Amino acid sequence: MPTVSRVWIEEGCIPCYACAATAPAVFAVTSDDTVILAEVREDGNTSRNDVERSRLNAVGLEYEAAIQDAAFGCPVEVIHFDST
Numbered sequence: 108m109p110t111v112s113r114v115w116i117e118e119g120c121i122p123c124y125a126c127a128a129t130a131p132a133v134f135a136v137t138s139d140d141t142v143i144l145a146e147v148r149e150d151g152n153t154s155r156n157d158v159e160r161s162r163l164n165a166v167g168l169e170y171e172a173a174i175q176d177a178a179f180g181c182p183v184e185v186i187h188f189d190s191t
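Here the sequence shown is numbered in this note's numbering, starting from 108 and rising by one per residue.
I should point out that these hints are in silico values taken from the structure, not numbers from a laboratory.
All figures in this text were calculated on a predicted structure; none of them were measured in a lab.
Keep in mind that a hint or two might mislead.
Stated by the list, open to error - Pair ranges (Cβ atoms, derived):
#, residue 1, residue 2, range
1, P109, S138, 31 to 41 Å
2, A172, E149, 26 to 36 Å
3, D139, P109, 28 to 38 Å
4, D189, E118, 10 to 20 Å
5, S138, T191, 14 to 24 Å
6, E117, A145, 32 to 42 Å
7, Y124, A172, 29 to 39 Å
8, D176, D140, 28 to 38 Å
Backbone N, C-alpha and C define an ideal beta-carbon position, used for all residues, glycine too.
Generate coordinates for the entire structure from the input sequences, incorporating the hints supplied.
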């Protein structure tokens, strides 16, 4: 069965808090953007991960279902993920 291996947020986010409410361990809303938290990424950075495309670490992999729910629930469809 495929596993979510990485998640990123493209330009156009409207910081609506939907993803952060769905997966607060993965997503955080800042004053002007939404980011993927360092705690769930292999590279340990906090950003939209749209440039780096860092893979999820072991902690991040635990939130696969929540990441998928957040992506499918994004009102502007800017959250994307890869599956392996």
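Just pull the numbers of the violated hints for me, sorted ascending. 2, 5, 6, 7, 8
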